[in-house]
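Asker: Spelled out, the chains give:
Number of protein chains: 2
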Amino acid sequence: MDIAAQITARAARIEEKIRPFMPRQQGLQQTVLDAMDYSVFAGGKRLRPMLMEAAYELFGGEGEEIYPFMAAMEMIHTYSLVHDDLPAMDNDEYRRGKKTTHAVYGEAMAILAGDALLNYAYETVANELCRHPENEKLPKAFAVLASKAGIYGMIGGQVVDVESEKKAQTVDREKLDFIYRLKTSALIEASLKIGAILAGATEEEASLLEEAGTKLGLAFQIRDDILDVTGTLEILGKPIGSDGRNEKSTYVTFEGIEQAKKDVERLSAEAVSILEQCGGNHAFLKELFLFLINREK
Amino acid sequence: MDIAAQITARAARIEEKIRPFMPRQQGLQQTVLDAMDYSVFAGGKRLRPMLMEAAYELFGGEGEEIYPFMAAMEMIHTYSLVHDDLPAMDNDEYRRGKKTTHAVYGEAMAILAGDALLNYAYETVANELCRHPENEKLPKAFAVLASKAGIYGMIGGQVVDVESEKKAQTVDREKLDFIYRLKTSALIEASLKIGAILAGATEEEASLLEEAGTKLGLAFQIRDDILDVTGTLEILGKPIGSDGRNEKSTYVTFEGIEQAKKDVERLSAEAVSILEQCGGNHAFLKELFLFLINREK
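Chains as they are written, first to last, in the working numbering: chain A, 864 to 1160; chain B, 864 to 1160.
By construction, these hints were calculated from the structure, which means they are not laboratory data.
Please note that the accuracy of each hint is not assured.
Identical copies look the same in the list; a pair holds intra-copy or inter-copy alike.
Said to hold, decoys possible - Listed below are the simulated SDA-like cross-link pairs for lysine to any residue, each with C-alpha atoms no more than 20 Å apart in a straight line:
hint : residue 1 : residue 2
1    : LYS1038   : LEU891
2    : LYS1124   : ARG1158
3    : LYS1149   : GLY906
4    : LYS1125   : GLU1159
5    : LYS961    : ASP900
6    : LYS1003   : GLU928
7    : LYS1029   : PRO950
8    : LYS880    : ARG1158
9    : LYS961    : TYR901
10   : LYS1003   : GLY969
Note that the coordinates shown come from a computational prediction; the quantities given were computed from them, not determined experimentally.
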């Protein structure tokens, strides 16, 4: 099975692992439960839980405690998309070819569904901690999740990104790096680090894998910027540079497309080299890294 | 010192206990840190952390582990107000005589500041759990907080409330009770229960205090409905019933003002009676209950 097929098969399996952690009880608050379910199962690639599980396996993890964290991670990723798409934010009507949550359920319910997913992620973690109060790895994994999702992680990156767009501030290189590291890399770092922690990796190993996540996230984001330009080239038949002065600044704007490609290569090699230092069976995780970084769409 | 003065003094002290748990590091995400700070310190009465601390003291609690939970509770209460006030929700420009968060920082930043406060509440709890992984009361308190703040707690009540308003659905008595119990009582129940749990109360005692919270929350909300009517009476010089058919249905609409007053009395007596069953020094908590239920504004 090639890596694309492996990833598709894994994603389907992960969805079935996540599903039991979603709230299912029916009640008067049915609409928000529907909106949560719609948002989570609207076709994500499950990359973050996939990275978490692969990191767990890399360090020999064999238990069940990874599943609530995989589910919580996907809930947090999903809430961030639901709130990002809101009219007051990016105002997107479609995502992955489907109507966004507010387009289907209205703005108020989308705000509440996002809040509910974020809170339910921690409710899921809390239940696991209560079931296994003796497992001292769980509070550590919880702290990594909360920290990487918050103001010094994903939300922090989102704030600077929103401000840059709304105020039409010039994004300087420092801000761009900050946004990429927090908005894109933080949850990827968290996924890899939580997998390592729960499998019983040492602190040093967990930090190494976190660093691989930083590089993977950055390479992934730069690759995105490159695909935006080459995609635009194909569609418009002219280079973006010719009329791109009002476009959002990206890595490509600062470094040029050739340098951006080189940097993706370099970051990719560094991330893989870290994986190799970790020992264990890193075959799948390495292929997953390379697939994400070298994707064509 | 009378109870009103005691409460004011306690609130000031609680604010100083909460402050060190707020994020203080400066960075590119400064705006959201400012918005979080503005929202939390815009003049709340700190009732939920006050109830939590008083419940902790009732059961002889003397440690420091209550403070992060008091801070987390206030962050969660605050985020719920910030999101409630948004244009897509209640669209309020002022709260407690001050501009609401979105009125000052814009809608996008208010959404993010709310998300950030909710997440940071759990980050605060996670840090406490990592500091004391041996303390098995902490995961229990965490689970109560997450559950009462979520879809089977506060958010669930908020969802049904928003739907009732937006769709102009008739609120039947079942829905009204559901909204009051979840939207108003849930965090009060959580505050009392967490205080009890952290002080080492038995499960039975913690559940008793939770039940007192249900009654206190309900009485508090009905008292609010009564004050709405008597306030309107004073302003308009005519009873609300005469032109109140398009008004939002409240407990007073269903039961009439005299019955509502009797029910506040009954609920209040029941809540106090539960307190007395718990033993310990319940003097302050009892006075606080009665003050909240019998307030004139």
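Asker: When no copy is specified for LYS1003 and GLU928, does a C-alpha distance of 20 Å or less occur within a copy, between copies, both, or neither?
Answerer: Classified as both; 13 Å inside a copy, 18 Å across copies.
Asker: If the cutoff is 20 Å on CA atoms, where do LYS1029 and PRO950 land: within, between, both or neither? Let me know, please.
Answerer: For LYS1029 and PRO950, both the intra-copy (13 Å) and inter-copy (18 Å) Cα distances are at most 20 Å.
Asker: When Cα atoms must be at most 20 Å apart, do LYS961 and TYR901 count as within-copy, between-copy, both, or neither?
Answerer: For LYS961 and TYR901, the Cα distance is within 20 Å only inside one copy (10 Å; across copies 37 Å).
Asker: At 20 Å max between alpha carbons, let me know whether LYS1125 reaches GLU1159 within a copy, between copies, both or neither.
Answerer: Within one copy only: 16 Å inside, 70 Å across.
Asker: Taking 20 Å as the upper bound on the Cα-Cα distance, should LYS1038 and LEU891 be classified as within, between, both, or neither?
Answerer: between (44 Å within a copy, 8 Å between copies)
Asker: Can you give me the call for LYS961 and ASP900, within, between, both or neither, at a CA distance of at most 20 Å?
Answerer: Classified as within; 14 Å inside a copy, 37 Å across copies.
Asker: Have a look at LYS880 and ARG1158 and pick one of within, between, both or neither, based on CA distance no larger than 20 Å.
Answerer: Classified as neither: same-chain Cα gap 26 Å, cross-chain 50 Å, threshold 20 Å.
Asker: Checking LYS1149 and GLY906: alpha-carbon separation at most 20 Å within a copy, between copies, both or neither?
Answerer: Intra 24 Å, inter 52 Å, cutoff 20 Å: neither.
Asker: Indicate which option fits the pair LYS1124, ARG1158 if close means a Cα-Cα distance not exceeding 20 Å: within, between, both or neither.
Answerer: For LYS1124 and ARG1158, only the intra-copy Cα distance (12 Å) is at most 20 Å; the inter-copy one is 67 Å.
Asker: For LYS1003 and GLY969, with the copy left unspecified, which applies at a CA distance of at most 20 Å: within, between, both, or neither?
Answerer: For LYS1003 and GLY969, the Cα distance exceeds 20 Å both inside one copy (37 Å) and across copies (35 Å).
Checked against the numbered hints listed earlier, the structure breaks hints 3, 8 and 10; every other hint is satisfied.
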